[in-house]
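Peer 1: Here is how the chains run, residue by residue.
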Amino acid sequence: MTRKVVTLIALVAVAGLFLVLLRLGTPNELGTVSRHYVERGIAENRAANLVTSVVVNYRGLDTLGEVTVLFLSVTGAAFVLRRRERKPVDARASRASEIVQTGARLLVAPIMLFGVYIFVHGHLTPGGGFQGGAVVASGVLLLLLADRERELPHGLMAWLESLSGFAFIVAGLAGLWVAGSFLANRGVLPLGEWNRLLSAGIIPVIYTLIGLKVGSELAALLDVMMRGEAVAAGHGAARSGGGRRGGRTRGGKNRKKGGRR
Amino acid sequence: MIWLDALVCLLMIVVAVTATAVKNLVSAVIMVGVVSLLVSYLFLRMGAPDVAMTEAAIGAALTTVIFLIALRRTGEDR
Amino acid sequence: MADTILLIALVLAAGAVLLAVLRLLRGPTAADRAVALDVMTLVFVPGMVALAVFSGRKIYLDVALVYGVLSFLGVMSLARYFDRGI
Amino acid sequence: MVAWDVIGALVTLAGSVFLLLGAIGVARMPDLYNRMQAGTKATTLGNLLTLTGLGILMPSWLPKILLIAVFVLVTNPISSHALARAAHAAGIPLAKGSVKDALDHDREAR
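Chains as they are written, first to last, in numbering that gives the first Met the number 0: chain A, 0 to 260; chain B, 0 to 77; chain C, 0 to 85; chain D, 0 to 109.
Here chain A stands alone, though its shape is the one from the complex (with noise of 0.2 Å):
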C-alpha cells in the first residue's frame, strides 16, 4: 500500500517534470542532417509528407529492417502455434449474433478501402504502409470476429507477401543500377508535381508494397492465433471446470477489491 502511493507520488513528480521539459525542452536549432532534410528534403523527393521522404528514402534501409523483423516475428509465432486439423477450442463457445454478423458484412469492404487509401497517399497525408496495413489487418480482425471458422484466402495472402517483399528488394535494386545506392530515388521514376498522386518517384510504390506485405502478414498472424491450439488445453479445461457462468468476473472482483484497498 504505502510501496504503492510512493510509486505513484514519484510517477506524478516525473510527469510534471515532463510537462516543463514540454516547454523548455524543444531544441532552438537544428542538426546538420536534420537543417539537410528540412531545406532540401521537399526539392529532392516532392513528397508533400516530409516524414514519408525520410522513412522511405533517406532511412529506407532501415525500413526493410523493420519489415523483416515484422516478418520474422510473424513466422516464429506461425511456427509455435500451427495446428494440423481444425477442432473448436472451447466447445462453450457462442456464435456471433446476426448483428455482428450483418455489420462485418457491411463494414468490411469501407475498412479495408480506408486502410488503402492510407498507405497509397502515404507520400501526400500523414500515415503509410504500416499504419494502412494495420487498418487492412482489423478489417480481417473484423471478419474473423464475425465467424471463427472463417476461411482465408491463404495462397493469395502467401503469394501478396512474398511478392511484395520480393519488390521491395527489385525496387532497392534498381536504385542501386540508375543511380548508384540502394533504394535510392532519383532517377529511377519521374519525380512528378509536388502534392499530385503521381508523384515523388518510387516512395508511393514502395509505401503500397508495404503495406501489403505488412496488412497480409498481420492478417496471417490474426489467423494463426485464432485457430492455434490452446497451449495449456488440458491444464484450462481443468481449472474451468464448474461454476463457469459469471465466475470470472464475480470472482475477479472480490480479488481485485481485496487486492486494491
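It is worth saying that the hints were derived from the structure and are not from the lab.
Fair warning: this is a prediction, and the values are worked out from it, not measured in the lab.
It is possible that some hints are incorrect.
Calculated pairs, SDA-like style, for lysine to any residue (alpha carbon to alpha carbon, straight line, at most 20 Å) [claimed, not checked]:
#1 LYS22(B) - THR73(B)
#2 LYS57(C) - ALA37(D)
#3 LYS3(A) - ALA15(B)
#4 LYS22(B) - LEU21(C)
Starting from the known structure of chain A, fit chains B, C and D onto it as the hints suggest.
Peer 2: Leaving out everything else, chains B, C and D in the frame of chain A:
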C-alpha cells in the same frame, strides 16, 4: 490549454499505474487500450500526426485483440 | 463570444473524461471498464477533431478518422472474449 | 459570418453537455446495463452533435467530419450490442431494483 495537457498526462499515469496493479488481467488489457488512446492524443497535441496515427492504428484494436487471444490460449484469464 | 462557448464545451468534455476514468478505475467487472473505454473513445474523437480545427491543420482529421473507424473493434473483441468467441 | 461561428459553438456546447451527461450516467448508474445505456446512447448523440458543431465552424472540412460521424453512428451500436449480450451471457447480475429480464425470458422460451 496547458491545463488540458496536464490533465491528460496525469490521467495517463494514473491509468498506467493501475494497469500494473490490478489483479484481473482483462482489466489491465483495457487500461492499456486507454493509455494508448491518451498517448495518441498527446502525440497529436505535440504535432506528430504520423506517430499518432501509428499509435491509433495499432493500439485501437490490434494490441487489445492479440493480448486477449494470448490470455485465452494460455488459460491465464482468471 | 464563440471562443467562450467553446471553452465551456472543452471544460465539460474534460469533466466527462474524468468521470469515465473514475468508472475505469472503480468498475467492479471488466465489462464496466470496457464501457468506460467506449465512452473515452467517443469523447476523444471529437477532441482530436477540435484540435484539428483549433490548430487549422486538416491532416489531423485522418487520425480522428482512424480512431473513429477502428475503436469499435477493441470493444467488440472484448465482447467476443466474454462470449468465449475468440 | 460571425453568426455561423456562434451557432457552431452552441451546437458543440450542446454535444459536450450530452457527453458529460453520459459520463455522469456511466459513473453513477447502479449496474452494468444501466451504465451501458447511458454510456452509449447519450455519448453517441453528444459525439455526433460535437462533430456537427465543429463542422459548422469549419465548413470546408464538413464532408470529412461527417464521414467520421457516419462511421461512429454505424459502428458504435454494433459493439455495444455485442458487449451487452456477452455480459448477459457471462452472468453479470442486474441491479437490485430490476423487475424484468427480457433477454433471459427470451432465452428460456427458445
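Peer 1: If a hint holds in the structure, say so; if it does not, say that too.
Peer 2: Results for each hint:
1. LYS22(B) - THR73(B): With a Cα-Cα distance of about 17 Å, the restraint between LYS22(B) and THR73(B) holds, given a limit of 20 Å.
2. LYS57(C) - ALA37(D): violated (32 Å)
3. LYS3(A) - ALA15(B): Holds, at about 13 Å.
4. LYS22(B) - LEU21(C): Between LYS22(B) and LEU21(C) the Cα gap is close to 17 Å, so the pair holds against 20 Å.
Consistency note: the structure conflicts with earlier hint 2 alone.
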